[in-house]
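Which chain is which? The protein sequence lines are A and B, in order.
If you want the working numbering, it's the 1-based position in the first sequence plus 59.
If you want the working numbering, it's the 1-based position in the second sequence plus 1.
Among these hints, one or two may not hold up.
[Said to hold, decoys possible] Calculated lysine-lysine pairs in the DSBU-like style (CA-CA distance at most 30 Å, straight line):
(1) B:Lys91 - B:Lys178
(2) B:Lys66 - B:Lys209
(3) B:Lys91 - B:Lys209
(4) B:Lys75 - A:Lys255
(5) B:Lys209 - B:Lys317
(6) A:Lys362 - B:Lys91
(7) B:Lys66 - B:Lys152
(8) B:Lys91 - B:Lys75
(9) A:Lys255 - B:Lys91
Derived from the structure by calculation, the hints contain no laboratory data.
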Amino acid sequence: MSGALERRPGPRRRPALGYDERNAAILVFPVVAVLLVVAAYPILYSFWVSLHDIVLTRPLRRPFVGFDNYLRIFDDERFWLAVSRTTVYTVVTVAVTTLLAVLVALLLNEAFPGQRILSALLLVPWATPSVVNGLMWKWIYDPTYGLLNALLVQLGLLERYRAWLGDPDLTLLLIANAAVWKQMPLAALLLIVTMKAIPDDLYRAAKVDGANVFQRFIHVTLPALRPGLMLVLVYETMISIRHFDLFLIMTQGGPGDASFTLSWLIYVETFRSLRFGTGAAMSYVLAMATFLLSWALIRWLGKRI
Amino acid sequence: MATITCERITKRYGGVVAVDALDLTIRHGEFMVLLGPSGCGKTTTLNMIAGLEEISEGRLLFDDKDVTWQPPHKREVAMVFQSYALYPNKTVRENIAFPLQLRRTPREEITRAVTEVAEQLEIGHLLDRRPSQLSGGQRQRVALGRAIVRKPSVFLMDEPLSNLDATLRLSMRSLIKHLHHRLRATFVYVTHDQAEAMTLADRIAVMKGGLVQQLDTPEGIYARPANTFVAAFLGSPQINLVQGEIAPDGSFARGAFRLALPPGAAQPGRAVTLGLRPEDVGTLAPGLARLEARVDLVSPLGSETHLEVVAGDDVKLTLRVPKEWRAQEGQVIAVGVDPARLHLFDATTDARL
Ligand SMILES: Nc1ncnc2c1ncn2[C@@H]1O[C@H](COP(=O)(O)OP(=O)(O)OP(=O)(O)O)[C@@H](O)[C@H]1O
Ligand SMILES: [Mg+2]
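Chain A with its partners taken away, still in its complex shape:
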């Protein structure tokens, strides 16, 4: 009986390109060509840039410096500051997004009056362009006209209007809040889809076995949710770590260096200081970091599924 379950793949040989595959190659070629031009070329070009000392204030001088740009980054204390800011921001954003998404998905997976309307409303933040989202939250946090101030003062929770984004202790969290507002719906939607696939009988069995609501969540919902959770965690991490537009609109890295993240650093280095070489190198570091982090997350979470 156990023998039937063992699979022993025989040695496999790569077949020569068959007729169909040749045709396929011809048909796929245009797409590959376009990808090469729009994706591979910029990637390779920026790598080339990162190996040269290119400063746009002296455009004709572009000596090859090898990996000096990279080495210089790691000596730059702004870089390490940006790493710590980015870490805080990413961890907060991803954690809150995921937790909220699970809660919202659990809620919307139940049948109750208004559930459909609420599900539809959920998509509004997601459909909002991130620039609009940034502007909206900037207004909400506004020191003189802001909704947050008005609300808190009216509720008696606050004495006087505050410059929310001007508080270095709060800035990152407030921006993270804006990001969560926009990102959470998609994550929740993904988890709802995963939840819908859980057979009802499993919940019934668990009820009869004596599991309460919490135990049913732990033993039935959560295990089934793991693939969805992994996707959400990896995806949210990948985009949060590279967030830029919210910072550009809301704080420009400030106050002081309170929201000085990696993507902001790259922007400043490249387009304000016009040091394209180091800017490109930093971009590469950020891209590699994102890639490695995602890979580690997938490996780590994948083992638990």
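Assemble the complex: chain A is given as a structure, and chain B with the ligands must be docked to it using the hints.
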């Protein structure tokens, strides 16, 4: 200790009445089968007994205790589902142990109980596998194991065998029967398979449209079906049902077709439906009514032969006869029918006369 009493239990989904004022008493230690076609409310009834479905009206008692509003885990019932409903991320061992873990049973006791159950069900070698690595029959054994490990007094099973192939179904059927003998618990078993119902049940409740049509032992239901629906639902091949009327001489008549009935069976002139089980025919002998028919089709099954015959003008009948009968298609045969074994139903109400 568990007698289950349903007192006029009703379940409504919006305007749909799934179960209609069901009265049913399931005795302690009894094997009760709920039998009926798809959509007749079997699952709904079972779910209400389990506590998985709210009861719209009526009362449910376990012994003398009103459990109408009790949640499932307070009712001490175990359930086996058609879909097995094993926890996919848990191993077989963990699946079986789960109900005990929830009850905070000491670890050594869990280990002992799981081992014992696994031995009973012959799944000891599968304990470390996950459900996805098991065959359908093995999965259903694990589901049974998860149910019996708690030693509950009530077992509820919703078509547990209908996802299995025919041979496996037979062996699982006897396994379940043995379990019932050994556990001495109350079993409520839902199926639409009449053979399963006949072999397993102490009593069968035949359901249709949310109503119990008949509640009796398998023999009782087979021998004295309460109406044409029950008569047609049990037995394979199906009972022959012929519409006609009672002739002045007291026999059954439809056109040229005549069949003698026991004296005083029904008023002459009354419209009735005659029921004749395919196997209730034999060689002609004194005391038997004569049935003459032309053979239309012969289906030898090895152990027996099924004949499709036409009697009178248009009365099509199926007969089960011994394999030694060498009937030819087109041949006219005469067989004997014991009038006492015939069933008569009212033509309008379909109820047994
Ligand atoms: N959640 C529900 N909402 C509305 N109607 C329902 C619901 N569940 C069941 N019903 C209806 O109640 C009736 C009885 O359903 P039930 O599931 O008890 O049938 P069943 O006898 O178990 O049938 P099957 O053999 O197909 O499983 C059916 O007509 C069904 O359509
Ligand atoms: Mg059913």
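| message | Of all the hints numbered above, which does this structure not satisfy? Sort the numbers upward. | response | Hint check: 3 fails alone, others pass.
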